[in-house]
Amino acid sequence: MRILTLVRQVPDAEETIRIREGKVDLASSKLVVDTMDEYGIEQALRFREQGLAEEVVAVGVGPTRMQDALRTALAMGADRAIHVQTEVMLDPIALSKVIADLARAEAADLIFSGGQQADWDSHALGAAVAERLNWPQATWTNALELNGSTLKGRHDTDEGSETFELPLPAVVTTQQGLNEPRYPTVPNIMRAKKKEIRAVPLEPSSATPLALVTGSEIQVKARRNKILDGKDAAAAGRQLVELLRNEARVIQ
Amino acid sequence: MILIVAEQAGGQLSKSTLEMVTGARELHRDGPVTLLVLGANIAAAAAQAATFADQVLVADRPELAQYDAELWAAATAQIAREGEAHTILIAGDRAGREFSPRVAVKLEAALLEDVIGLRWTGSALVAQRYSFLARVTETVEAKSATAVVTVKPGAFSAAQPAAAAAEQFDVELELPARRLQVTGKAVEKTGRIALADASIVVAGGRGVGSPEAFTAQVEALADKLGAAVGATRAIVDAGWRPYAEQVGQTGKTVQPKLYVAVGISGAVQHLSGMNKSGCIVAINKDADAPIFKVADYGVVGDAAQIVPAMIAAL
Ligand SMILES: Cc1cc2nc3c(=O)[nH]c(=O)nc-3n(C[C@H](O)[C@H](O)[C@H](O)COP(=O)(O)OP(=O)(O)OC[C@H]3O[C@@H](n4cnc5c(N)ncnc54)[C@H](O)[C@@H]3O)c2cc1C
Ligand SMILES: Nc1ncnc2c1ncn2[C@@H]1O[C@H](COP(=O)(O)O)[C@@H](O)[C@H]1O
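As they're listed, the protein sequences go chains A and B. Per this note's numbering, residue 1 is the first one in the first sequence, and the count goes up by one each step. Per this note's numbering, residue 1001 is the first one in the second sequence, and the count goes up by one each step.
There is no bait here: all hints are sound.
Residues of chain A clear of chain B, computed beta-carbon distances all greater than 12 Å: (1) Arg48; (2) Glu54; (3) Thr64; (4) Gln67; (5) Arg71; (6) Ile82; (7) Thr86; (8) Glu106; (9) Ala107; (10) Arg182; (11) Pro184; (12) Met190; (13) Lys193; (14) Ile197; (15) Leu202; (16) Glu203.
In the BS3-like style, the derived pairs of lysine-lysine whose C-alpha atoms are separated by at most 25 Å in a straight line are: (17) A/Lys221 / B/Lys1293; (18) A/Lys231 / B/Lys1285; (19) B/Lys1276 / A/Lys221; (20) B/Lys1224 / B/Lys1285; (21) B/Lys1257 / A/Lys226; (22) A/Lys195 / A/Lys30; (23) A/Lys226 / B/Lys1224; (24) B/Lys1276 / B/Lys1257; (25) B/Lys1015 / B/Lys1276.
Simulated from the structure, these hints should not be mistaken for laboratory data. Just so you know, even glycine gets a beta-carbon here, dropped at the ideal spot from N, CA and C.
Make a model of the complete structure from these sequences and hints.
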């Protein structure tokens, strides 16, 4: 069995977001693999280590810097990586065609995709890829095992959670709790330098976004920022309640 | 037409459904605002839908008793095609956000996700949404004639019912077989007001100290204020509180009129779930905690003393 794990590169959570000419400017930001994708890489590696998969292939679509993220996936333990090169920012629906074509070419049986990621706050690619391949999907997955060609797991729903069973081939999107992603060790980082990252250009016919970001703004809500000293707790508590009642008028 | 996929449970349409009706009306695009009601034994919900929409399409079938992404996507895409819908509105909750991409692929349509505002310019559908952990507000334009839109809960006010009921039509559907089998369900009920519906949320983090202190401080303050209870991932992971209470990137997004953060540092992943709240109060012993940057009111002090003092003053 071959597993594809999708990798997205996002700004480190501690980074300040800057906007230049209506666009988020990442030029000077530290970029990392999205945590949600690390869950997928980790799960794929565990399946391989359990003897349930032969190969784990990390896939990233994006500009040249995407190779850093793929290198991280290789250092965690992925066998090889494919980098679809493009400067075009594709929306998930357009991107899903690229991924589905690749999944067919690679004869993949299972695809891991991140859940809500830290830049586009989207959750669409996994389901869109599943639809293109006519595969089933499990989303927001926080527990997973593989028995033969059946995935068993648990995922979050609007009401709480569900346990499920799903036949392969399938797409699984990840959620907090699925596993504890491993850190790349120094020997593995060294080994990863020798692993293959195959770079392929994006087919021009696939480079047409269906949705375009036409503006970005940082709208900071003005806050009163009245900070009280709590050394005299009783006085601070009283004063806070009084402000909430009579100034903000948010409580009775 | 504008097609809205209704959500219903126990004969009632969800709040999100009524909000989507408002969003659809405000678009002022041609064609009837149409509610599609999917499920089994849904006559009551369909009748209610008729008081909100211009027409109601009803698929009342036993196979639809339980939500499934593939079934919902197939049904929605078929109806959208037959009715030549140009705009398809789907609730931006977990279910909606997992079946909407499938609908978009089936229709070769753009997907505008989790939108907080929607506008028809006369030639294009333009949406607003939050990105980068709710720090950036983005404008996104659909590049296709048909667009699928997921609407963030709370983005629009709920529509009011009309005096006259619209016509209802039964629809025939071609449905695929279910492939994901649900083998068990755990419903999260806390007995308290739900986070999503609460106008006041009192949330606690690691600084509260212990699960017992959480009950004594955070829950007690919430009870006093009639508030919902929220938690950070740090204490959910530590097993102090259920995941249902987690606020943030991987938990719930809330926008109450008052959010009280007790012993919460204010990591971006937490802020992304609450930074749109009306009034934010922070109680933290560290004057440099990032939560104070987004606070309207703050107290620098020990939560174990400040919270009881607040309760006493209420
Ligand atoms: C992919 C990803 C997703 C995530 N999703 C979420 C999410 O959905 N929600 C979420 O919350 N987090 C999320 N996190 C985790 C987040 O980064 C933080 O680790 C977490 O929010 C911290 O929780 P905390 O504020 O309770 O704990 P801490 O950061 O440890 O903060 C505790 C605070 O309490 C204060 N304090 C200590 N003692 C007292 C006292 N006696 N009185 C008053 N104050 C005191 C301290 O000064 C400190 O500021 C996510 C992280 C990742 C990587
Ligand atoms: N450019 C990309 N290259 C590879 N994988 C991606 C890319 N964009 C998104 N993904 C994957 O899809 C997940 C969710 O993205 P999205 O559907 O855009 O919500 C991410 O966490 C990744 O796993």
